[in-house]
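Required output: the full structure, derived from the provided sequences and hints.
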Amino acid sequence: MVELLAALLLLAGSAVVLVAAVGVARLPDTFLRMHASTKAGAVGSGLVLIGTALAFGGGDAWVRALVILGFLLATTPVAANALGRAAYVGGAPLWTGTVADQLAGVLPRGTFDPVDAGQRRRALQPTAEEEAAPDKAERSDPGREPAPPAPPSP
Amino acid sequence: MSGAGPVLQVALALSALMIAAAVALASWRMVRGPGIADRAVAMDLLGLLALTGSALAALAAGHLALLDVALGLGLIGFIGAVAMAGFIERASQPRSAEQEGDGHG
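In the order they appear, the protein sequences are chains A and B.
Sequential numbering from 1 applies to the first sequence in the numbering used here.
Sequential numbering from 1 applies to the second sequence in the numbering used here.
Everything hinted at is true.
Result set (DMTMM-like, lysine to aspartate or glutamate): computed pairs, CA atoms no more than 25 angstroms apart in a straight line:
id: 1; chain 1: A; residue 1: 39; chain 2: A; residue 2: 101
id: 2; chain 1: A; residue 1: 39; chain 2: B; residue 2: 38
id: 3; chain 1: A; residue 1: 39; chain 2: A; residue 2: 29
id: 4; chain 1: A; residue 1: 39; chain 2: B; residue 2: 68
Chain A is faced by these chain B residues, among others (derived, beta-carbon under 7 angstroms):
id: 5; residue: 5
id: 6; residue: 7
id: 7; residue: 25
id: 8; residue: 40
id: 9; residue: 48
id: 10; residue: 55
id: 11; residue: 70
id: 12; residue: 92
Chain B stretches covered by chain A per the calculated footprint, using a threshold of three residues with CB under 8 angstroms from any CB of chain A:
id: 13; segment: 17-23
id: 14; segment: 26-34
id: 15; segment: 56-69
id: 16; segment: 75-85
Since the hints were derived computationally from the structure, they do not count as laboratory data.
Backbone N, C-alpha and C define an ideal beta-carbon position, used for all residues, glycine too.
As structure tokens, then:
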């Protein structure tokens, strides 16, 4: 009986995780993919962990499974929140069917460009000449490649 | 519990197959993903899948120690996701916010 219940929990958890992976592979934009991955992923892993503890049956297994489950429930929302914010700030495109963007004007949207960002940071302390013409000074930065097809900075 | 019954054996095999399919799908998104954020999401999901697979392996092998591996994988996955998010956010500040002096760099 306990074995049957454990088997059912394992199968249900794996099915939920598989649905999450299908969502990550098939949904149209970053935020929808994240929505599929985090919630369904946490539930699926939790079900599999409870099934494992049930099949082991000892106090050791239950303590470990519950500790992992509590850790997952505490950290998954934090990681998802940070990743979603980073995706929005990094300029991940929204799906064309999106009806509302409530973060428009609240968070800045840039483009992900580590090379450009590093050079901007190095040029953060402007000399007098650069203060006079910041755009020109930045364009003549010697460390910069001659003409990378960089996206237009806002 | 070393000798798992036949029902549990079948359930374990089916679950492992489903996890393997999920890993294939997440890896496809990791290779394909148009932006770095998509790859970060796929990496997050892959960490979760590794945790789940580790729990299944603990049951299949009858070793409780593999559950500790699952805990470690969860920890690493969380730290990796948060670090990746911080990196993406810092590397994509628009110029105006950057010149106002780097509040939370």
